[in-house]
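Q: Residue numbers (the UniProt record's numbering), protein chains in the order written: chain F, 1 to 215; chain Y, 1 to 211.
Keep in mind that the hints were calculated from the coordinates and are not lab data.
In this text, all values refer to a predicted model and were calculated from it rather than measured experimentally.
One or more hints might be untrue.
Stated by the list, open to error - If the Cβ cut is set under 8 Å, some of the chain F residues that face chain Y in the computed set are:
#	residue
1	Arg90
2	Thr127
3	Gly152
4	Pro164
5	Gly175
6	Arg177
To be verified - Straight line, CA to CA, 27 Å or less: simulated DSS-like cross-link-like pairs of lysine-lysine:
#	chain 1	residue 1	chain 2	residue 2
7	Y	Lys25	Y	Lys175
8	Y	Lys175	F	Lys67
9	F	Lys67	F	Lys32
10	Y	Lys128	Y	Lys55
11	F	Lys125	F	Lys44
12	F	Lys122	Y	Lys128
13	F	Lys32	F	Lys131
14	F	Lys125	Y	Lys115
15	Y	Lys128	Y	Lys115
16	F	Lys122	Y	Lys25
17	F	Lys131	F	Lys67
18	Y	Lys115	Y	Lys51
The beta carbon of each residue, even a glycine, is placed where N, CA and C say it ideally should be.
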Amino acid sequence: MGEAAVPPELDTFPAAKMAQTNPLPVPMGPWKITVYDQENFQGKRMEFTSACPNIMECGFDNIRSLKVECGAWVGYEHTGFCGQQFILERGEYPRWDAWSGSNAYHIERLMSFRPVCSANHKESKITVYEKDNFIGRQWEISDDYPSLQAMGWANNEVGSMKIPCGAWVCYQYPGYRGYQYVLEADHHGGDYKHWREWGSHAQTSQIQSIRRIQQ
Amino acid sequence: MTEQQSPPEQMVTGEGAGERGGNYKITIYELENFQGRRCELSEELPNVVDKALEKVGSIQVESGPWLGFERQAFAGEQFVLEKGDYPRWDSWSNSHNSDSLMSLRPLQIDSPDHKIHLFENAGYTGRKMEIVDDDVPSLWAHGFQDRVASVRALNGTWVGYEYPGYRGRQHVFEKGEYRHWNEWDANQPLMQSVRRVRDQQWHQRGSFENS
């Protein structure tokens, strides 16, 4: 079922198909990120073109600023792609609050990161379901929703989601704020049937904004 | 970007249908998590203290969109508030220097369409980017960089952000001309992402109730 959901263009990335068991895709695309151990692009720097599961192995104690030159990436609070997720698209991020969604949690740590191989701004689709296990009312959407409720969604929760193509980021609060959940067609076979599958930091099914990730 | 579609014919109501042509309702609470003294609003409020609230700790937007301001009389940093629940200040602000929201007003929506022109330099000069009915989480990905110094919002209401992915200071662009970045109260021409403001009151396309 998961295999059938993988869009044909992913054929060029055979490793991406194995991502269900191995969260470490081997990117072949033009991905490039430069990380710095001080704010404002100062201090020790290092360029990456593929995933980094532990920045400490590269002699960094933390990442305090970064530049995404190619592709879309997701950063993680902890090593091994765990904890809070931070979507990183092309551009310059001079300090932690440029990527973190919420000041209150005050996560000033970014210890691992990887490319989002299936990001595709133009061809992204997601089906959102009212309840978990793909039950209840459902809608297929292919546009960004800074407020689901402003467009008629009944409450501040989403039960489950299926992603046939592209990559999406869901947020706890309207306007793309709060906890971020990066959901991809080439992970879990694109099926996220319960909020526990959204990430190790997920605690509730609260989602109030959703958008496509730009490659 | 995307091709512009012809506007739906029935939306000619515009001017005649009252100043704003939409319903606006917001509840502000003095404390976090929708606790403490509360106040419901359906029109602008230049100073929350006028409603006997010392501060705003949480917000529920029932019908919007609204624009919040850091200081009274619609001044200071801006916070776009679309329909939904905002349990604490950090759910609407990305500013690390202020948790204050002292005034609010409804956000104007002029039409169901969205079209904006961004310019690299002040006075509508330099490189130009047109966005029609789309959101752009990274201007870099379209060959633009981090500098936007003047803006023409031809249709619709837009929000620009300092950082990619809609992070950092926000600046709202209601239909109009912004010749220089000081007209949107920025202290530098830094903008790396831009998005539309949509609400089903004006934007039927893509709304869930159609389904």
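Q: Please write out, lowest number first, the hints stated earlier that are contradicted by the structure.
A: 2, 4, 8, 10, 11, 13, 16, 17, 18
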